[in-house]
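2 protein chains.
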Amino acid sequence: MTDGPISRRALLAGAAGALGAQALERAGLPVPQDPTKVPGTPVSPLGQRSPFERPRRVPVGTGQGISLTPLQNLSGIVTPADLHFERHHAGVPAIDPQRYKLLIHGMVERPTMFDLEALKRFPSVSRLCFLECSGNGFPSYRDIRPDLTPQLVDGLTSTSEWTGVLLSTLFRDVGVKPGARWFLAEGEDAAVMARSIPLEKASDDAMIAYGQNGEALRPEQGYPARLLVPGWEGNANVKWIRRIEIADRPFMTREETSKYSDPLPDCTARLFSFAMDAKSVITFPAYPVTLPDKGWWEIEGLAWSGRGRVRRVDVSTDAGRHWAPAELQQPVLPKCHTRFRYLWTWDGGDTTLLSRAADETGYVQPTLDELRQARGRGTTYHFNHIRAWTVRRDGTVVFGLEG
Amino acid sequence: MTDGPISRRALLAGAAGALGAQALERAGLPVPQDPTKVPGTPVSPLGQRSPFERPRRVPVGTGQGISLTPLQNLSGIVTPADLHFERHHAGVPAIDPQRYKLLIHGMVERPTMFDLEALKRFPSVSRLCFLECSGNGFPSYRDIRPDLTPQLVDGLTSTSEWTGVLLSTLFRDVGVKPGARWFLAEGEDAAVMARSIPLEKASDDAMIAYGQNGEALRPEQGYPARLLVPGWEGNANVKWIRRIEIADRPFMTREETSKYSDPLPDCTARLFSFAMDAKSVITFPAYPVTLPDKGWWEIEGLAWSGRGRVRRVDVSTDAGRHWAPAELQQPVLPKCHTRFRYLWTWDGGDTTLLSRAADETGYVQPTLDELRQARGRGTTYHFNHIRAWTVRRDGTVVFGLEG
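Read top to bottom, the protein sequences are chains A and B.
Its first residue numbered 1108, the first sequence is counted upward by one per residue in my numbering.
Its first residue numbered 1108, the second sequence is counted upward by one per residue in my numbering.
One should not assume that every hint holds.
Identical copies carry no separate label here, and so any pair may be met within one copy or between two of them.
Computed cross-link-like contacts, BS3-like style, restricted to lysine-lysine with a CA-CA straight-line distance of at most 30 Å [claimed, not checked]:
no., residue 1, residue 2
1, K1366, K1308
2, K1401, K1208
3, K1366, K1144
4, K1227, K1401
Quick caveat, the hints were computed from the structure, so don't treat them as lab data.
Next up, chain A with everything else stripped away, as it sits in the complex:
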């Protein structure tokens, strides 16, 4: 990986002589032989990525309204806004922020319609937290194949710094009536996405978010405003929110009857399974990486819990026989991606890498067998079992447990 010890003379001779003209035109960009000998490009109002870097979301299927974050290309915990995963049921609506209104009504003293300026005038809060689609990890549970990348396995999760007004602030403003227990959150997209949320979440950390990573929400993230219910499944974080109705019971919308309930083996179902349980995924090494040689490699990945902070992540490099704690990138924030790192010496043999997260509630990420026993093979959401990556002696890495 390194050229090894060399003299400065050898470096300068190499830099001046060894590069062919072809190398100077990679990525369609003319690259000077020596960048110190030509003026660079001037400042710009808006930066662009290097033409050598092309991270991309990957759409799933056709017309399904799903695109996945390239987890294997990312470092740290922040997801760039243009790479945040997408999930929408009828496309991204175009909304003029000057016409935007949010109505709060139902069991309130003062039904009120807020425009965007009104929402922004209230005291604001910001927090880094993850969003995850409740269906994230579907292929790892119901469609296991060796050629899955971290993006294809778990790309329906991203982390942003969200800014907005706490729902508790707005609810104090409109005056919630005694006996209220739930509220409906309704979106202004063509699906009129609607979910019922327990009122306690509004007293806790729910907010109407209008900021993402320092700027306005991106259109596919609910521009100009969305509900944010930190730690809860993505679909409950209703985007393009236009209406909140407060009531004494849940509304049983189609999104919580035909969808977003979890059928169980005993023919009952888990309803309102909002919280995303603790989970982790190794993002390096992973398919389609090939390790060029044995020796030290840093295993990296992400862990998160919808119930609070990740307390620890254990890594196994021998298919689960032994486990050792990974290092957690500080600060570990509640309901936020946490990057973990583990320095591993690969002996060059076949092996399987696993990661297992535990959160501050004491919950430990289950095995695939444990989750299947509890939920059945036909469940459609909340696939937070332990993921496996198999490293073969030729250095290739594939998804799942082999052999």
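Could you slot chain B onto chain A? The hints should help.
Leaving out everything else, chain B in the frame of chain A:
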């Protein structure tokens, strides 16, 4: 700001009837009368901002290699990568990451040339921290005008999550010889930007960064790799780094003799004034905002210190007669932007707003007079004195102390 209490019937009638056709074509985008009645746009590999949002860096002068972050448009602490301020001395070089090399030589046991893969193979770290140009705030010290925005006053600071390899890791790899005290960091731009850095910074938190906000560095931030010396003036964070030479003394490059030293009134100069002292700036309300009415307003701003955590920010709404502590957005991270918020009741009269940061070392942001007495009127860098915004009774806000 709000429409006030209304009935749901009034809302629906208003939404359906009151909007003219012109309103539907703002920003050149056809906006549907009712977004719930037309399918939205499909998923995309890379997101775009809403056409209604156009945050922009502002270039300073012509050909000076300076552009400023729009602080007044931002929320939270993360700066989107394409809005990170720019400062370069000879433009942004185009560098092919496959040809990139970093040489570490001088007083080392094993002079070594690292390619990008080699740098990325080492154990990595990520941290959120600010970068600030040492000349940030120049207009607030030497060119005070009422029509300065937060971007024009202090837009040479931004915060990112940086990822890379600690310099201490690389220096262990090459073996630093006894007696070494400084190292030279040299860039591959046409200015061949070069600074001398004390070796202690390498044992502390200096890193070679290749990641910014989850993705590769942006070209104007040093792609594919830069030196990051957290908390130290921007120019010492040498971009496009190609060479590190370890020595027993500083190199006295032109960037630390003709520039980046601070002349003092007694005809001596502060040399190697690396650390950015504690500072704060109110970003709302600020020019060119006009407050439409008296009453509650949330004052917001950013504070930071190159020496550690911000411990407190005090705000005065009466030109410095009284001060009260602002709320600090959690978590407060060392050497990182910290957003502060202060709920203020404006009585409708003329007044001046001030903010004053203190850091965990006990250092308190000085007044303009104090800084001028210590450094003289002709100094060119490190303008961290208290900023003032004057609110006039007509609601307009201007930079500086009036009356």
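Hints, one by one, checked against the model:
1. Within a single copy, K1366 and K1308 get their C-alpha atoms as close as 21 Å, which meets the 30 Å cut-off; across copies the closest is 55 Å, which misses it.
2. Taking CA atoms no more than 30 Å apart as the test, K1401 paired with K1208 passes between copies only; the shortest distance there is 23 Å, against 59 Å inside one copy.
3. With identical chains, the CA atoms of K1366 and K1144 are at most 30 Å apart between copies only, with a shortest distance of 22 Å across copies and 61 Å within one.
4. Taking the closest pair of Cα atoms, K1227 and K1401 come within 30 Å of each other only across two copies (16 Å); inside a single copy the shortest separation is 54 Å, beyond that limit.
No hint from the list above goes unmet by this structure.
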